Amino acid sequence: MSAGSLTILVVDENRIRASIIEAGLRDAGHLEVTVVHDVAGIAKRIAEIEPDVIVIDLENPNRDMLENMFQLSRAVKRPIAMFVDRSDQASIEAAVDAGVSAYVVDGLKKERIKPILDMAISRFNAFSRMARELEEARSELENRKVIDRAKGILMKSRGLSEEAAYALLRKTAMNQNRKIADIAQSLVTAAGLLGPLEGE
Amino acid sequence: MSMAHEITAGFMPLFDSAVLVAAGEMGFAAREGIELKLQRETSWANIRDRIAIGHFDVAHMLGPMPLACSLGLTPLASETIVPFSLGLGGNCVTVSNAVWDGMTARGASPDLDPARAGAALGALIRERAGAGSEPLRFAVVHPHSGHNYELRYWLAACGIDPDREIEVVIVPPPFMADALAAGRIDGYCVGEPWNSAAVAAGTGQIVTVKALLWRNSPEKVIGVRKVWAEENPDALAALLRALHHSARWCQDPANRGELAALMARPDFLGQPAAIQMPALTGRLQLGGGVERNVEDFFLPFDKAANFPWKSHALWFYTQMVRWGQLPHTPQNLAIARDCYRPDLYRSALKPLGVALPGANAKVEGALKTATPVGSAGASLVLGPDGFFDGQIFDPDRVDAYIAGQKRA
Chain R
114 MSAGSLTILV VDENRIRASI IEAGLRDAGH LEVTVVHDVA GIAKRIAEIE PDVIVIDLEN
174 PNRDMLENMF QLSRAVKRPI AMFVDRSDQA SIEAAVDAGV SAYVVDGLKK ERIKPILDMA
234 ISRFNAFSRM ARELEEARSE LENRKVIDRA KGILMKSRGL SEEAAYALLR KTAMNQNRKI
294 ADIAQSLVTA AGLLGPLEGE
Chain C
15 MSMAHEITAG FMPLFDSAVL VAAGEMGFAA REGIELKLQR ETSWANIRDR IAIGHFDVAH
75 MLGPMPLACS LGLTPLASET IVPFSLGLGG NCVTVSNAVW DGMTARGASP DLDPARAGAA
135 LGALIRERAG AGSEPLRFAV VHPHSGHNYE LRYWLAACGI DPDREIEVVI VPPPFMADAL
195 AAGRIDGYCV GEPWNSAAVA AGTGQIVTVK ALLWRNSPEK VIGVRKVWAE ENPDALAALL
255 RALHHSARWC QDPANRGELA ALMARPDFLG QPAAIQMPAL TGRLQLGGGV ERNVEDFFLP
315 FDKAANFPWK SHALWFYTQM VRWGQLPHTP QNLAIARDCY RPDLYRSALK PLGVALPGAN
375 AKVEGALKTA TPVGSAGASL VLGPDGFFDG QIFDPDRVDA YIAGQKRA
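Chains as they are written, first to last, in the numbering used here: chain R, 114 to 313; chain C, 15 to 422.
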């Protein structure tokens, strides 16, 4: 093991996020990175890998099991503490906010661990942002679909033009202080309940 | 509508979060001027971390967990206090069908009797050891849990050394039944509905219950960040009153259906109402078609279930010492004693004029029958609270109790 390189284990059931972390670690010059998606048999893996740092996502329901193993298991030859340093409250908060926790073997210097944790935090945050943007794009698409359907119902049942149908939806939304997509959804639901209006 | 207090509370998807969940969802918190924000979590470690850094003001916690936090036993330790207990009992010990077959061949019968089941398990364990088999593996939910301590207490009292003759591992509650079915573990101690889940799946047998190991014994609590409690005494008192009303509602048999339907929602327990009924009624399917009715199986309110007895905290402390989690020192003992706060419970509930225990601690295991106790005006019934092996825990004689504890 070279002086700058640490052995790092990433435990994350989310494969995409895990590979983003892994790539970040490799970019930072850490070549000894192992990624585990499933905690089954992890004690054996830890015994083989002897990681200096273990990075786990907070959503992993097995954190209690893993922490207990770090403290007690014979598989873990060196005691593993949590986070960088208990005194570094800002780092701890940033990590929990980002949804990541890190465990390091006792005795490792803070300066060596800090960049790894910072990288993990920023990549976790980037992943959340990406997931959120994807979700927004998806719901935007859904909204557009439901508005199109609502417009179609109005055009058919009230003989409106497309622009007039949209204007009616928009006016109703403004009057009720709701989103156009919500009004459209209500209309589509109501039309569904009232029968074959929408059916071709 | 804007509320006087806003409180964020973490909880785990377990049935015994019911009092906290119902406080938020059935209007008890709102009536006390609290907007209670409930946040479901995936591990006790997350609850500990989020309370430590202030994401949560209060949380559903394992009874020994605030002690572990305050004693610095956990990675991210913070001072956490207990002003309210979420109930008594509620756990079972479940074993695989193979282990149960081995136990019945050695004298166990499906009657939940801890001594008889323990003797049969001990015989099975020793025969397996003689044959060179791998030790049986039992799971609990957390090292600092009532489950870990009561499983170990039971085994040790039956002559089984839980550190040497079996292996104790940690498994999250919702995974217990699957782990048992897959043969990764041979048995476990967990709260409901995760025992009934294994019985319903035909992959496990309930061999004994917490209510028979130590009747009316402590389980989950409300853990509160000490700093928050000191800065927000009015909010805390209002919360304790809301929890009190919620607990009374949860205990009432007339509300069982509504409570089970509430907990069945995916954002809470997320398990079918039917499988929650054993916890509510005490009528357990043990496996093999045998049904047993367990008195005081789980009490969310009765028998002063919400009172944070210092003797409960101190008993947990003696078990931490017993199993090598920390040394017994006057300092540690004092931290454990100060962690549970009956004074806060009492001062919050005093305006309600309800029955309150007069003492902060009691001798555990001394009440052989249900006993009315003198309290602030109204009547209150405690106990029975016996340990299955007849031991008594006197909180004034902690040193002697610790000295007398055997590892097996």
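By construction, these hints were calculated from the structure, which means they are not laboratory data. Any given hint could be a false lead.
[What the hints assert, rightly or not] Straight-line distance between alpha carbons at most 35 Å, and here's what the computed DSBU-like set of lysine-lysine pairs gives:
#1 R:LYS269 to R:LYS258
#2 C:LYS240 to R:LYS227
#3 C:LYS382 to C:LYS364
#4 R:LYS269 to R:LYS284
#5 C:LYS420 to R:LYS157
#6 R:LYS269 to R:LYS157
#7 R:LYS227 to C:LYS51
#8 C:LYS364 to C:LYS51
#9 R:LYS157 to R:LYS223
#10 C:LYS51 to C:LYS240
#11 R:LYS227 to R:LYS258
#12 R:LYS269 to R:LYS292
#13 C:LYS364 to C:LYS420
#14 R:LYS223 to C:LYS240
#15 R:LYS258 to C:LYS51
#16 R:LYS292 to C:LYS51
#17 R:LYS222 to C:LYS240
#18 R:LYS222 to R:LYS157
#19 C:LYS364 to C:LYS240
As the structure is a computational prediction, the values presented were derived from the model and not from experiment.
(Q) Against the 35 Å threshold, does the CA-CA distance of C:LYS420 and R:LYS157 hold or violate the hint? (A) holds (32 Å)
Q: For the pair supplied as a hint, R:LYS227 and C:LYS51, confirm whether the alpha-carbon distance does not exceed 35 Å.
A: holds (33 Å)
Q) Keeping to a limit of 35 Å between CA atoms, is the pair of R:LYS157 and R:LYS223 held or broken? A) holds (27 Å)
Q) Holds or violated: are the alpha carbons of R:LYS269 and R:LYS258 at most 35 Å from each other? A) holds (17 Å)
Q. Has the given pair, R:LYS227 with R:LYS258, been kept, meaning a C-alpha gap of at most 35 Å?
A. violated (46 Å)
Q. Are the Cα positions of C:LYS240 and R:LYS227 separated by 35 Å at most?
A. Holds, because 29 Å separates the two Cα atoms, which is no more than 35 Å.
**Q.** Holds or violated: C:LYS51 to C:LYS240, with C-alpha atoms at most 35 Å apart
**A.** Judged against 35 Å, a Cα distance of about 19 Å means the pair holds.
Q. Are the Cα positions of R:LYS258 and C:LYS51 separated by 35 Å at most?
A. Distance of about 33 Å is within 35 Å: holds.
Q: Would you check the hint for C:LYS364 and C:LYS51, treating anything up to 35 Å between C-alpha atoms as holding?
A: Holds - the C-alpha atoms of C:LYS51 and C:LYS364 are around 26 Å apart, at most 35 Å.
Q. When you check the alpha-carbon spacing of R:LYS292 and C:LYS51, does it fall within 35 Å?
A. holds (26 Å)
Q) Do the alpha carbons of C:LYS364 and C:LYS240 lie within 35 Å of each other, as the hint requires? A) holds (21 Å)
(Q) Just to be careful, I want the Cα atoms of C:LYS364 and C:LYS420 compared with a cutoff of 35 Å; is the pair within it? (A) violated (41 Å)
When held up to the earlier numbered hints, the structure conflicts with 6, 11 and 13 and fits the remainder.
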